[in-house]
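Trainee: Listed below, chain by chain, are the residues.
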Amino acid sequence: MSYTDAFFYFFAALTVGSALVVTFSRSVIYAAFALLFTFLGVAGLYVLLQADFLAVAQIMVYVGGILILLLFGVMLTTRVTNAEITTGTVQGLPATVVVGILLGTLILLVSRATWNVQESLPDVTGTTTEIGERLLTTFLLPFEIAGILLLVAIMGAAMIARSTDKTKEAA
Amino acid sequence: MESLLTSILGTNLLTTVIYCALPLVFVLTYALIAVLGEVKISAWMQDRLGPMRTGPWGIIQPLADVLKLLQKEDITPSASDKFLFNLAPFVTFMGSYAAFAAVPFSSQYIGASLDLGIFYVFAVGSIGVVGLMMAGWSSNNKYSMYGAMRSVAQIVSYEVPAAMALMIIVIYTGTLNLQDIIVAQGGGIWNWFVFGGPKADVVLASGRELQASWANLVFLPLFLATFVMYYVSALAETNRTPFDIPEAESELVSGYHTEYSGMKFAMFFMAEYANMFLVSVVASIAFFGGWQSPYGTTIGALVGVPWLSPVEEFLWLAFKGFFFVFVMIWLRWTLPRLRVDQLMYMCWKVLIPFSFGIALVVGFLVMIM
Amino acid sequence: MSGYFTDIKDGIWTVLVGMTITWKHMFVKKVTIQYPDVKRELPDRVRNRLYVNMDDCIGCDQCAKACPVNCITIETLKALPTDDLGSTSTGNKKRLWMPVFDIDIAKCCYCGLCVFPCPTECIEMTDVFEFSEYHRKDLVYHFGTMTPEEITVKRAEVEEYQREQDAKKAAAAAAAAAAKKAEADAAAAAKASEAANIPPDTTAPVS
Numbered sequence: 061m062s063y064t065d066a067f068f069y070f071f072a073a074l075t076v077g078s079a080l081v082v083t084f085s086r087s088v089i090y091a092a093f094a095l096l097f098t099f100l101g102v103a104g105l106y107v108l109l110q111a112d113f114l115a116v117a118q119i120m121v122y123v124g125g126i127l128i129l130l131l132f133g134v135m136l137t138t139r140v141t142n143a144e145i146t147t148g149t150v151q152g153l154p155a156t157v158v159v160g161i162l163l164g165t166l167i168l169l170v171s172r173a174t175w176n177v178q179e180s181l182p183d184v185t186g187t188t189t190e191i192g193e194r195l196l197t198t199f200l201l202p203f204e205i206a207g208i209l210l211l212v213a214i215m216g217a218a219m220i221a222r223s224t225d226k227t228k229e230a231a
Numbered sequence: 247m248e249s250l251l252t253s254i255l256g257t258n259l260l261t262t263v264i265y266c267a268l269p270l271v272f273v274l275t276y277a278l279i280a281v282l283g284e285v286k287i288s289a290w291m292q293d294r295l296g297p298m299r300t301g302p303w304g305i306i307q308p309l310a311d312v313l314k315l316l317q318k319e320d321i322t323p324s325a326s327d328k329f330l331f332n333l334a335p336f337v338t339f340m341g342s343y344a345a346f347a348a349v350p351f352s353s354q355y356i357g358a359s360l361d362l363g364i365f366y367v368f369a370v371g372s373i374g375v376v377g378l379m380m381a382g383w384s385s386n387n388k389y390s391m392y393g394a395m396r397s398v399a400q401i402v403s404y405e406v407p408a409a410m411a412l413m414i415i416v417i418y419t420g421t422l423n424l425q426d427i428i429v430a431q432g433g434g435i436w437n438w439f440v441f442g443g444p445k446a447d448v449v450l451a452s453g454r455e456l457q458a459s460w461a462n463l464v465f466l467p468l469f470l471a472t473f474v475m476y477y478v479s480a481l482a483e484t485n486r487t488p489f490d491i492p493e494a495e496s497e498l499v500s501g502y503h504t505e506y507s508g509m510k511f512a513m514f515f516m517a518e519y520a521n522m523f524l525v526s527v528v529a530s531i532a533f534f535g536g537w538q539s540p541y542g543t544t545i546g547a548l549v550g551v552p553w554l555s556p557v558e559e560f561l562w563l564a565f566k567g568f569f570f571v572f573v574m575i576w577l578r579w580t581l582p583r584l585r586v587d588q589l590m591y592m593c594w595k596v597l598i599p600f601s602f603g604i605a606l607v608v609g610f611l612v613m614i615m
Numbered sequence: 433m434s435g436y437f438t439d440i441k442d443g444i445w446t447v448l449v450g451m452t453i454t455w456k457h458m459f460v461k462k463v464t465i466q467y468p469d470v471k472r473e474l475p476d477r478v479r480n481r482l483y484v485n486m487d488d489c490i491g492c493d494q495c496a497k498a499c500p501v502n503c504i505t506i507e508t509l510k511a512l513p514t515d516d517l518g519s520t521s522t523g524n525k526k527r528l529w530m531p532v533f534d535i536d537i538a539k540c541c542y543c544g545l546c547v548f549p550c551p552t553e554c555i556e557m558t559d560v561f562e563f564s565e566y567h568r569k570d571l572v573y574h575f576g577t578m579t580p581e582e583i584t585v586k587r588a589e590v591e592e593y594q595r596e597q598d599a600k601k602a603a604a605a606a607a608a609a610a611a612k613k614a615e616a617d618a619a620a621a622a623k624a625s626e627a628a629n630i631p632p633d634t635t636a637p638v639s
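Residue numbers (this note's numbering), protein chains in the order written: chain A, 61 to 231; chain B, 247 to 615; chain C, 433 to 639.
Hints are not guaranteed to be accurate.
In silico BS3-like pairs for lysine-lysine, Cα to Cα no more than 30 Å straight-line [as the list claims (entries may be wrong)]:
no., chain 1, residue 1, chain 2, residue 2
1, C, Lys471, B, Lys314
2, B, Lys595, C, Lys462
3, C, Lys462, B, Lys314
Computed beta-carbon distance windows for the label pairs [unchecked claim]:
no., chain 1, residue 1, chain 2, residue 2, range
4, B, Ala310, C, Phe563, 41 to 51 Å
5, C, Val532, B, Thr300, 43 to 53 Å
6, B, Trp594, A, Phe203, 17 to 27 Å
7, B, Glu455, A, Leu210, 46 to 56 Å
8, A, Met219, B, Val607, 21 to 31 Å
9, B, Gln588, C, Phe563, 49 to 59 Å
10, B, Gly609, C, Thr446, 48 to 58 Å
11, A, Leu201, B, Ser288, 49 to 59 Å
12, B, Phe602, C, Thr446, 47 to 57 Å
13, B, Glu455, A, Val158, 37 to 47 Å
14, C, Phe563, B, Val586, 24 to 34 Å
15, C, Asp570, B, Gln588, 41 to 51 Å
Rather than coming from a laboratory, the hints here were simulated on the basis of the structure. No residue lacks a Cβ here, since even glycine has one placed at the ideal position from N, Cα and C.
Could you put together the complete structure from these sequences and hints?
Mentor: Encoded structure:
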């Protein structure tokens with residue numbers, strides 16, 4: 061077993077283990093913090109797949125953005141000093157059915173798909189330049205559309221969050 | 247340097263471990279010096295002498311402080327969330343230390359010469375933010391909680407102008423690689439980005455050629471403003487005065503690490519100082535030529551001693567880093583603390599519009615030149 | 433809008449001004465006094481640790497009475513007529529032995545009220561302020577000059593003297609009483625004999 065293999069198993073265990081905590085933990089806070097390690101593990105797996113840009117983007121977006129937002133949401137919407145923020149199990153039967161269908165579909169897809177299996181990874185040193193070039197040439201339109209979509213989302217969020225008090229607006 | 251270490255040690259694994267631990271050695275030493283600097287400079291600026299009794303002029307005071315912290319009782323509050331409480335310092339320090347992997351300490355030593363450089367440094371910084379959140383929440387103390395919330399809100403806000411400021415340099419150089427950014431500033435003090443960037447064509451470490459001429463002087467005011475913006479955002483990101491609202495001793499006791507004691511407190515302290523040095527070193531890399539000497543060459547290269555050059559380069563980088571840490575301390579004893587609304591005003595209404603504006607102008611200039 | 437830019441300009445400018453000030457202060461002469469090595473010069477009339485010059489003390493107890501926190505304890509013994517305690521530097525004759533003269537400096541509030549009533553100016557406040565101790569009892573200063581043996585001996589002597597005096601006094605009183613009685617008896621006898629011869633004088637004092 062090479063170092064790479066050892067790292068792969070480490071990151072895989074980290075990802076799966078913390079994902080299990082996210083799923084089964086009854087405390088929302090624990091779930092949110094466990095998510096940090098899931099994201100880190102996934103980033104590690106990306107690095108092992110030589111997708112370094114994706115790995116760093118994963119940390120930047122998910123840890124730096126989404127996780128923080130999630131934690132803020134949890135902490136601001138409940139009593140902050142109360143450690144007992146828990147989730148309960150409701151709607152057992154419909155949830156089981158829906159999850160069962162989803163799981164079946166996924167298993168079917170995974171087993172039917174034709175995977176492009178290679179003996180070894182192509183020797184790539186740094187994907188950043190190529191991603192940058194592709195984004196601004198071949199995939200310019202989707203890139204711009206995604207940008208505009210995000211801009212619209214930000215403006216919409218600002219609009220919703222804005223005070224509706226007319227007197228304040230006038231001032 | 248990696249090959250040299252391997253040839254000495256014989257094994258790859260040991261080399262990797264030593265290679266990873268070198269910045270740690272540096273950060274620990276630096277933290278001692280910075281702590282001493284903090285107490286001494288604060289004392290001098292207030293017409294005091296500072297610690298004088300531990301060693302000549304009190305220079306081994308930080309060592310005594312470390313000894314004290316080691317001996318201190320490690321208290322875990324009974325109402326805290328034990329697991330997260332104990333985990334938080336490590337997550338925070340990991341976030342600070344991980345960023346050093348991409349910092350080029352000299353032309354020969356860099357943990358990982360990533361193409362992603364700046365992007366990576368920014369991304370791993372956010373892991374530390376989660377650590378702060380963890381510390382604040384698990385302490386089960388309102389001061390810690392508010393400190394953590396303020397800290398995180400502040401760091402997340404100021405990440406935008408800081409990243410935009412560095413993005414302006416990236417627009418100019420066309421690379422995220424920190425080593426490349428430094429190489430672009432070689433050849434003398436006038437080629438540093440704070441003075442408008444290179445004035446003659448340079449070949450980057452990645453082999454790409456960067457066209458430049460004396461017309462680049464038009465960038466001088468732009469990059470100078472960018473540097474100021476980056477430095478201000480960096481101050482806010484490291485929770486230093488005048489942006490030390492999260493740690494405001496007089497209102498929040500000391501923010502997220504109120505409940506911590508002993509070595510766990512020391513970990514936070516270390517993380518904070520490591521962060522200070524990180525932003526200082528990034529400022530010196532992006533705007534002040536990193537490990538480049540101001541006269542464009544090294545004494546080692548001049549006298550023909552090849553091993554001297556990397557050492558010199560390292561010293562230049564350390565010197566620049568220390569200088570910006572000194573300016574942080576200087577500012578701390580000069581300015582009063584901002585209010586939260588002033589802080590947010592500064593970020594969203596001053597720094598961000600300006601950084602976007604400058605980015606636009608620089609992009610345009612790069613396109614036409 | 434112009435206010436916005438002026439604010440930014442002012443912000444940067446004032447920060448630079450402030451930094452110049454702190455920079456200059458880095459090099460001015462420091463005000464710190466390196467205390468145990470260098471000591472501050474104290475004013476002439478500082479009030480710190482109390483000192484009693486026992487050669488001058490006459491044991492008048494005035495200082496103990498003046499003390500608002502009762503930190504001075506004085507016990508005195510009358511000197512025997514045969515004892516010679518000498519006299520103070522101000523010429524007052526000393527008439528009291530002082531087995532106990534204690535000052536509990538831990539209680540002292542440094543008001544200096546004990547200093548003024550002293551007739552011989554033997555109690556004073558010095559400029560010594562470093563007298564911390566490991567035990568509180570060490571802060572009780574014993575100014576008494578007599579050794580415990582001397583005290584026991586003297587006490588016994590004084591008691592003996594006192595007893596003698598008492599005995600003398602009692603004897604004297606008894607003698608006086610006897611004399612009085614005899615006198616009275618004599619007077620009564622005389623009266624009786626007079627009454628027989630002369631009519632009583634109404635103006636005579638009634639004894």
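Trainee: Taking the hints in turn, state whether each one holds.
Mentor: Comparing the hints with the structure gives:
1. C:Lys471 <-> B:Lys314: Judged against 30 Å, a Cα distance of about 29 Å means the pair holds.
2. B:Lys595 <-> C:Lys462: 41 Å, violated
3. C:Lys462 <-> B:Lys314: 28 Å, holds
4. B:Ala310 <-> C:Phe563: 41 to 51 Å: 28 Å, violated
5. C:Val532 <-> B:Thr300: 43 to 53 Å: 46 Å, holds
6. B:Trp594 <-> A:Phe203: 17 to 27 Å: 26 Å, holds
7. B:Glu455 <-> A:Leu210: 46 to 56 Å: With Cβ atoms ~34 Å apart, the hint is violated.
8. A:Met219 <-> B:Val607: 21 to 31 Å: The hinted range 21 to 31 Å holds for A:Met219 and B:Val607, with Cβ atoms some 29 Å apart.
9. B:Gln588 <-> C:Phe563: 49 to 59 Å: The hinted range 49 to 59 Å holds for B:Gln588 and C:Phe563, with Cβ atoms some 51 Å apart.
10. B:Gly609 <-> C:Thr446: 48 to 58 Å: Violated: the Cβ-Cβ distance is about 32 Å, outside 48 to 58 Å.
11. A:Leu201 <-> B:Ser288: 49 to 59 Å: Taking Cβ atoms as reference, A:Leu201 and B:Ser288 lie about 56 Å apart, which means the hint holds.
12. B:Phe602 <-> C:Thr446: 47 to 57 Å: Violated, at about 25 Å.
13. B:Glu455 <-> A:Val158: 37 to 47 Å: Violated, at about 58 Å.
14. C:Phe563 <-> B:Val586: 24 to 34 Å: 50 Å, violated
15. C:Asp570 <-> B:Gln588: 41 to 51 Å: Violated, since C:Asp570 and B:Gln588 (Cβ atoms, about 56 Å apart) do not stay within the stated range.
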